[in-house]
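**Q** Chains as they are written, first to last, in the working numbering: chain A, 15 to 370; chain B, 15 to 370; chain C, 15 to 370; chain D, 15 to 370; chain E, 15 to 370.
Among the hints, erroneous ones may be present.
Note that identical chains are pooled: a pair holds if it fits in a single copy or bridges any two copies.
[Said to hold, decoys possible] Listed next, the in silico DSS-like pairs over lysine-lysine satisfying Cα-Cα at most 25 Å (straight line):
#, residue 1, residue 2
1, Lys367, Lys253
2, Lys177, Lys311
3, Lys177, Lys367
4, Lys117, Lys177
5, Lys117, Lys253
6, Lys311, Lys117
7, Lys367, Lys311
8, Lys117, Lys367
9, Lys177, Lys253
In case anyone wonders, no lab produced these hints; they're calculated from the structure.
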Amino acid sequence: MKARLGSLRRRKEPGASPGTLVHTGEVKADRVQIHRMDYDAERLNERELATVDEAFPLDEPGSVTWLNVDGLHDVGVVRTLGEHLGLHPLAMEDVLSTGQRPKLDDYGDVVYIAMRMVQYDPTTDDLIDEQVSLVVGPHVVVSFQERPGDVFEPVRERLRAGKGRLREAGADYLAYALVDAVVDHYFVALEQLSDAIEDVSEEILHSPDPASLERVHDLKRSLVFMRKSIWPLREVASKLVRGEASLFQPDTLVFVRDVYDHAVQVIDTVESLRDIVAGMHDIYLSSLSHRMNEVMKVLTIIATIFIPLTFIAGIYGMNFQYMPELQWRWGYFVALGIMALIAAVMVVLFRRKRWL
Amino acid sequence: MKARLGSLRRRKEPGASPGTLVHTGEVKADRVQIHRMDYDAERLNERELATVDEAFPLDEPGSVTWLNVDGLHDVGVVRTLGEHLGLHPLAMEDVLSTGQRPKLDDYGDVVYIAMRMVQYDPTTDDLIDEQVSLVVGPHVVVSFQERPGDVFEPVRERLRAGKGRLREAGADYLAYALVDAVVDHYFVALEQLSDAIEDVSEEILHSPDPASLERVHDLKRSLVFMRKSIWPLREVASKLVRGEASLFQPDTLVFVRDVYDHAVQVIDTVESLRDIVAGMHDIYLSSLSHRMNEVMKVLTIIATIFIPLTFIAGIYGMNFQYMPELQWRWGYFVALGIMALIAAVMVVLFRRKRWL
Amino acid sequence: MKARLGSLRRRKEPGASPGTLVHTGEVKADRVQIHRMDYDAERLNERELATVDEAFPLDEPGSVTWLNVDGLHDVGVVRTLGEHLGLHPLAMEDVLSTGQRPKLDDYGDVVYIAMRMVQYDPTTDDLIDEQVSLVVGPHVVVSFQERPGDVFEPVRERLRAGKGRLREAGADYLAYALVDAVVDHYFVALEQLSDAIEDVSEEILHSPDPASLERVHDLKRSLVFMRKSIWPLREVASKLVRGEASLFQPDTLVFVRDVYDHAVQVIDTVESLRDIVAGMHDIYLSSLSHRMNEVMKVLTIIATIFIPLTFIAGIYGMNFQYMPELQWRWGYFVALGIMALIAAVMVVLFRRKRWL
Amino acid sequence: MKARLGSLRRRKEPGASPGTLVHTGEVKADRVQIHRMDYDAERLNERELATVDEAFPLDEPGSVTWLNVDGLHDVGVVRTLGEHLGLHPLAMEDVLSTGQRPKLDDYGDVVYIAMRMVQYDPTTDDLIDEQVSLVVGPHVVVSFQERPGDVFEPVRERLRAGKGRLREAGADYLAYALVDAVVDHYFVALEQLSDAIEDVSEEILHSPDPASLERVHDLKRSLVFMRKSIWPLREVASKLVRGEASLFQPDTLVFVRDVYDHAVQVIDTVESLRDIVAGMHDIYLSSLSHRMNEVMKVLTIIATIFIPLTFIAGIYGMNFQYMPELQWRWGYFVALGIMALIAAVMVVLFRRKRWL
Amino acid sequence: MKARLGSLRRRKEPGASPGTLVHTGEVKADRVQIHRMDYDAERLNERELATVDEAFPLDEPGSVTWLNVDGLHDVGVVRTLGEHLGLHPLAMEDVLSTGQRPKLDDYGDVVYIAMRMVQYDPTTDDLIDEQVSLVVGPHVVVSFQERPGDVFEPVRERLRAGKGRLREAGADYLAYALVDAVVDHYFVALEQLSDAIEDVSEEILHSPDPASLERVHDLKRSLVFMRKSIWPLREVASKLVRGEASLFQPDTLVFVRDVYDHAVQVIDTVESLRDIVAGMHDIYLSSLSHRMNEVMKVLTIIATIFIPLTFIAGIYGMNFQYMPELQWRWGYFVALGIMALIAAVMVVLFRRKRWL
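The following block holds chain A by itself, in its conformation from the complex (with noise of 0.2 Å):
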């Protein structure tokens, strides 16, 4: 449950000073490592940086810069790339407090945009979530990623391709690139979730046990959790749509809008498989107290049938030196044949109830 609640892991001692560098969570990854891509259209140069410093200066004006940032324990690299780009002390802090909701903040030629992107492992019904940061300058963006994954690879091997609007475009075209790669993940892990769901689906109907249970409660909280995550991030896109941060070229906010209308659909689904989830509790309970009745009922008949034949077998078993009955020449015979009667007359009656 600790990723499903990690928004509320704060980012540091509360009433500390607002601007302070801290990173908090945990370290996801060994080592910081810094990716930096130059580009223009005809024009790509790509390396590791060994250090921050490397960072800078960026590329003349015409082309833009990539900066990748994994891992976000090292609070220096944070800090010098939020000077160098004159990022505002508050969100560099929210660079580093790793349960930020998704927002964007427009500090007029600087937008920091925050991101979480979940992940869904399907063998542990978990949700693995990550904050991810970009930071958007006139002709440069920065990423920050918790640990080193690879949710922005294809964007890579597009600008490696060279072909497409990306390479021609600017740096606002990138960092719509990068929100796209984040909410394209999001119908992954709904895939995945729903299939989860599918299954558990049928588990419940024909076996139901608490342990499928707890996995239907899981897959709520994943997504309570993702509806969490990603409504914000609609406001995000919303915001960028409206033409509130200037950064972003009209040519742009066409594409925006598309990852807008995806960031609805990714909404639309959560929300139907949440109603969906929701039944299922029910499906539960139903289940087992359809399986309760049938045993209950055959509990019910064979109790029912044997109980007063095994009366009658008492009270021939008395001992009475009086019983007319015991000394008759059939009467054992006559004994059984009631007894036969009575459940054959039982037995018919439940049928007629739809008991049996």
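Use these hints to put chains B, C, D and E onto chain A, whose structure you have.
**A** Leaving out everything else, chains B, C, D and E in the frame of chain A:
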């Protein structure tokens, strides 16, 4: 459930370049069929196209051309049509990715409308859904469907009949007529769903079993899905009514307002049915509880009456040497009498408590 | 349930041309009756029309004409009236298709208002609903009802009495009076529904059985349906209050605000009743559980007391040759004593646990 | 429940003319009492009026007149007062129809305010509610109550004491003071309700029975009703704060904002209590389930232990001629030993499963 | 529960004059302590005041004075401070009535902010809450707390340390820092609550008993209460961000936006936890049902197997004179064999039905 979560399917690899034309989703038609109708108030030409190239050139400005494409798996067809009409690459991609949320994108001189058409299959309780896209230009409408179907047949009939406003009005009115046909189809599906609900409702009250519960949950999901399809369609109509797409003439908007009203009515009905279906699970559980109670009561009564009697029989079945009652002349009959008395008292008692 | 999902019925074949005049829905009146009243402050003429042609010409401008049509199955009547008044074909179609959502369409010099009139039948727990349409012109009001009824009788009486504002005011005030009469009828239905709820509530607490549960669900559906009818009616009133229909004079709007308040009050009451009805299912289940627990307790206690006693009797009913107790002089009585003791201890124990 | 659905009672026959003055609702006072206070900063006159005619003329402009009317069944009183003040007939009708939703109607130089006063009766768990209407003119306030009560007594005391702002301010401030007194009364009722909830909560946890469940539902209804009364009252305050009633001076609005805050606080508390009460039904059911489980467990254990033992006893009670064990010297004791062993094993087993 | 419904407590007698200064609520501090800090960028004076009169005069305009008052039971202190600062009587009353809903009242040159500080006590599952009021003037901040506590200690430390923005900025920034400290405390409480939820969750799954259910409901109430405290605090922040309090400088608003973000994050987390807690009751019930089913199954199986066997034993325990089987040489063993066979068949049957 695949169909129901249809909108989950993502158009392409996460992170791929926007505007990449890849058909995603099942291939639901054998081959792509293109049907072309050119008409104005006086004249109507209609024919099946052998290749997409016959779609151009369009007719002279005074008339309207309607191109209907059944089947989406031929990416080339979509690209050719899109490029001729000056469609934005993102919109072309949306045509091909068959999990679109209904939406309206206004690109100035071309309007893209995505809708979902639903069909309820009463034999399997399945809701089949299909993406229908419209591309509306100044005097052309292109409609894309996933499979050959006849939801637009009545519109074609009206065109052929040559009566009514349709032949005289422009492409925007044709687009309206097509949207109207899709919304109208929701009513058909709702009517069938409503009958199925009526049906299951009877089943549940009179013989609740898990199969009917499963049907309830299928119905619930169908409604969830329908709601997900019609809400954004209402938004599409609402955008049109507000005049956000300048291609649509004020004359046509009166009719679009009608479509909007119908969409709202569909939503109202879906919500009412959801309310009714939501109550069914409760009825099911109560119905089950009630039956179980009936069964339990019978067990209780029979057991409660016979257990003490059997005990008495047990007592006189003991083999103690000195048991005075056993020697009594009328012992046996007294014992039987006492047993009958106890049974009678119990029956009276249970009657009083209204358990019997 | 037919009536409840009434608004589901669609006006015509899906995809048919808008403005096609076809009556859909049950024929609820034998023949179409048209009643005409012409009045001004001094004068009142009233008569039944033999044919629709007598409806015209209207009276001179200073007076108001009210045409009330009972029965909708004669399409010709609606068309004739509609065309004389310059009604939009879509509105004519709406008059005829009796599943309209309440709405107000302003066509400038003619206003179309659709409402739903509800009536609760306490003997069958059924909610009967009927579509009432008003077409309001500068000095004419045409009201369409599905069946001859007298919800407008009080208005007619007021006109005949000649007192009050009604005779002096214009067609807009008459329209207000008719809307008010319809909204007032909701209060009558709600009062009856509320009595029925009170009734069922008693039933459920004191003798819960599935029949009363079915009644609860009927009541729930009636409320769902009422809600669906009154919400859009509130919107109609709200539109009028905001002055969206220029035909309505400011003087009349003060009264329309009153209607609006009443509609809100109806909604409030419907919501409260829904809250109360929603709780009933829970009460039913608890009531059932409680009864079942009572039954189970008795079984438990009797079984638990007698099972060990019967076991003891069983022991001394064994036929082992060497069973010393059997030879004891007081063996039988000791055994009986022990049994009584065990029973007493158990009763005390159960008393303590407050199960008895 | 009458009081709770009070607002259902309709003022007059459906369809009757608006502005018809008819008192509807119970007569809650023996006779109509009118109390008159005239005051300015220096002076205070106070007297009971014998007839309504003594209410006029009002005092000279510099002072404020407060007329308090207890009892509404004398239509003449309301009409006389209303006509003198130039009150709209609809407002007069609202005063008399005691099922009003709280509202504010601004007629320019006269403001009509309807409120509902609630009182909780802890002995019967009943919520008593009463309509209080205020008619505010430039230097006069008329308050109408259904029954003689003292919710306004503290205001009278403050007027008599002559301290504070009240004596110096105008009629609008007096109106504010009266609204404040009504809102303050909600806190009293809420405090009592909250105690009752606390109470029932204890009851349910420790001895759940249907009576306490009925109390829960009474509390729920009381909260539903309170919510229905306070929400529109908040709107009234909100309208005043927004300056929609020009009679209210800006100086007074600061205080009205305070009333608004209190109304919001009442709503908050009502919602919290509703949340808590909503959970009670669940606790009740769980509490019941838990008790039933305890009972069932005892039955299970006793039955499960003795049933096999009784079976063994039954075997050796059979009368077969050749049953070797019966002849054994220690047969009886061995049988007893085996029985004891089986019982012991079972007890151990149940202990392990933690059923005992 | 007292604390949870704390905001219910009303400040004074209903109907009393607004602005009456009466302390309501528990006295939570022994004596009123006033702490004064005067600072500017260079200088910091700090001392405990013996009497309230030492609070004035304030320092020269260039510096900021922070007066922190612990304990509210001395009405004189509040009145003296309030009057010196020109505080509206209603605001003074709000300081003293400790059940305020968080709010911001802007009186032009003085801003009044009410907040609720929460603390979770994990040992008792209690949520302790306290009202904190801020009165902000052009270069003075007065903070009122109910009891001496150290939530503001970190702010004091930062002032003493003299680093950061705090010493250089104005009173508005100090006010921001104090609001931030309060909001930060919610994270601490949430983290503890979240741990408690985790805890109870385990409990419920593995040994569901009513005590843990009670804990669930306590947690639910705590969350309801927290929600009630933080929502209006968000509104306070939102008002500040929108620039509604002119005392707050644009420079400070960037930081207030940060507080706003944190409040939203608290709300998000509270809602997620509420979702999770809401599901717990269901898990509890299922867990209970499942256990009961297990118990019932054992009873059913044992009873169902032995009841027929005991019946057979009963038959051969009858004392009829002519019972041929009794004379058979192997009768006894055949009977035992049949019994074993029946038992075996049943066990196999139950296995197949997967009841065993």
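**Q** Next step is simple, just say for each hint if it's right about the structure.
**A** Results for each hint:
1. Lys367 <-> Lys253: neither (65 Å within a copy, 58 Å between copies)
2. Lys177 <-> Lys311: neither (70 Å within a copy, 67 Å between copies)
3. Lys177 <-> Lys367: neither (75 Å within a copy, 63 Å between copies)
4. Lys117 <-> Lys177: neither (31 Å within a copy, 29 Å between copies)
5. Lys117 <-> Lys253: both (10 Å within a copy, 19 Å between copies)
6. Lys311 <-> Lys117: neither (58 Å within a copy, 54 Å between copies)
7. Lys367 <-> Lys311: Classified as both: same-chain Cα gap 12 Å, cross-chain 14 Å, threshold 25 Å.
8. Lys117 <-> Lys367: Answer is neither: 63 Å inside a copy and 52 Å across each miss the 25 Å cutoff.
9. Lys177 <-> Lys253: Classified as neither; 29 Å inside a copy, 35 Å across copies.
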